[in-house]
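Q: This is what each chain is made of:
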Amino acid sequence: MKLLMAGLPPREAAALGILVGMSLKNWETSIAQFTPGRALPLADVYVLDMVAAGLGPWSAGAEARLLEMLHGRPAVLLHQARDMSWIEANTAGARQQHLVWLAKPCSTDGMREALKAATSPTPRRSTSLPPMGSASAPRPPALFAARDAAAASRQAPLPPDVYTAPAQSARAMSQDDLAALHRTFPQLKQYPVLDRIVQAAASPGALELRFTVRESLLIHAREGWVACTAPRVAIERLCRQNALAPTLSEREVSDGQAAEWAHRLGARRESLDAYLWSLAAVTLGSEPLSLTGDAQLHLRSFPDYTRLAGISDLFIQLAAICVRLPQSLSGLQAAFPACNPQEIRRFAMFTVLSGAGHLTTIPATPGGVSMANGPAVNLRVRKAALPVRQGFFQAMLAKLF
Amino acid sequence: MNAVYKLVFAGPVGSGKTTAIQSLSDIEVVRTEARASDAVRNMKPTTTVAMDYGVMKLLGGDQVRLYGTPGQKRFDFMWDILTENALGLVLLINAAAPDPVADLSTYLHEFRQLIERTAVVVGITHTDEGDWSVRARLIALMQERRIAPCVMDADARSRTDMATLVKALIYSIDPFGGLAQAGGASEKATVV
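From first to last, the protein sequence lines are chains A and B. If you're matching positions, the first sequence starts at 1 in our numbering and goes up one per residue. If you're matching positions, the second sequence starts at 1 in our numbering and goes up one per residue.
There may be inaccurate statements among the hints.
Said to hold, decoys possible - 30 angstroms max Cα-Cα, derived DSBU-like pairs, lysine-lysine: (1) Lys104/A <-> Lys25/A; (2) Lys2/A <-> Lys104/A; (3) Lys57/B <-> Lys6/B; (4) Lys57/B <-> Lys116/A; (5) Lys57/B <-> Lys25/A; (6) Lys25/A <-> Lys2/A.
As the list claims (entries may be wrong) - Coverage of chain A stretches by chain B, computed from C-beta distances (three or more under 8 angstroms per stretch; other residues unrestricted): (7) 15-22; (8) 65-78; (9) 316-324.
As the list claims (entries may be wrong) - On the chain A side, residues computed to face chain B include the following (Cβ under 8 angstroms): (10) Tyr163; (11) Glu223; (12) Arg264; (13) Tyr305; (14) Ala395.
Bear in mind the hints are in silico, worked out from the structure with no lab data behind them. From the three backbone atoms N, C-alpha and C, an ideal C-beta is built for every residue, glycine too.
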């Protein structure tokens, strides 16, 4: 099912795209720009903001333009709650079309019901759904907070857990992952010691990286562990200073040798993914990360956050999304405009170098949205005007920390 | 009227369900334990026979009831009862058990309706006694079953670990639920 959104602010279009992707199986979403006098690209169903389309109050001309725009396909039409002119007009032309009117602001449940009504095989022509907060609305709090309402009311079943399996299901980082990481974040090469360690983690077997005559690090990528004769702080210092990079040597070791090595030297084995994540976080510190272009991030698994320090809620949110379906970094930025873009880049880099995710470069398109010029400013202005509801999920999260 | 929600903790005997609920609960956990009389006796003297019960009291008066299912298969009639209308599932798997992958497979199958309806997170307990490959094998199984592999190591005694698992579950159910808490953002998404 192809859903095309038109006229929604970028943040809301991105968020709706993620919600649809996570909630509705086999749905694809895309965003279209309005061009005066031209129909929208073909899709199975549309979500259209009437005001943004220049179709505010009803008129015969506006109705003709709307019907032309939609190619006779079903649509969810978002209208101002106070403007009932389209619904009251209820013209023959509009009745021929499978349209669902949804007053703004709408809830998640409202939008889901509207999409269901619009794509229902039995057409319910020109259905009108009430706005969020009206007496007949089913207690909808806000767009993406309504699954708790559904869970509490037990009336509507929750959407299924949609999951898109990654192309490469192995957990460890591959050479392709490493190449994509370098392409997207070339800055990694400015830290040659860290980069060598990450490269070792992308090798298929066990590798010993020797820093000095006495100190070395053994990485067993396939078994997912690392052991070191030096304390963690010493390795962190080496990664930051890079002084020993030219003298670093490596050798392959067998599985048996690796276990014997760790045992003989009394080196404690640690989980490789958490080790790499922590090492990268300390090495890069707060240094801004630059991107060479947009990329799509897909997680093979949830990062092992319980073994990592300083994990923000944002990182958990991003992991919950990206472990289910691939997301572009620009799309994530659009969906979380109030968050620092650096945090999203950091999340992408750390998940990939720790083996939990992989990146696919997205070819640049003329006029494409870049991470740097997202919709953050506009939405920050809007933010203050919106009422903040202390819903169940927020109360729950506040309780947890 | 305040709302009441339900989270279910499941997993085999000895995976740490009772301890996990104790870590999160605002009340002393209500246990329905009996002296173990079968093979479980070799693992621990008592075992849960009906359920464990704890409560998280939220700001505003809402409550989250935490239910722990009995680990033994012969009490599985309780599983359906406890999962009715649950918000989500926290599955605890003991890494030191003889076959943690088989354990996960069993529980994913037994709780598949709840998982399909909501979401699941898996916490691997006793990781210091288990094999290095356990997490990777559990992830592989979930990928094979086409279930999002939200798998983390977890110490059931640690409130922080348990809170991280529950947060992951909440964001799996509603990825924007806690936006006000994250990265300085303070709005919930609303189509306007």
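Q: Report the numbers of all earlier hints that the structure fails to satisfy, in ascending order.
A: Of the numbered hints given earlier, those the structure breaks are 4, 5, 8, 12, listed in rising order.
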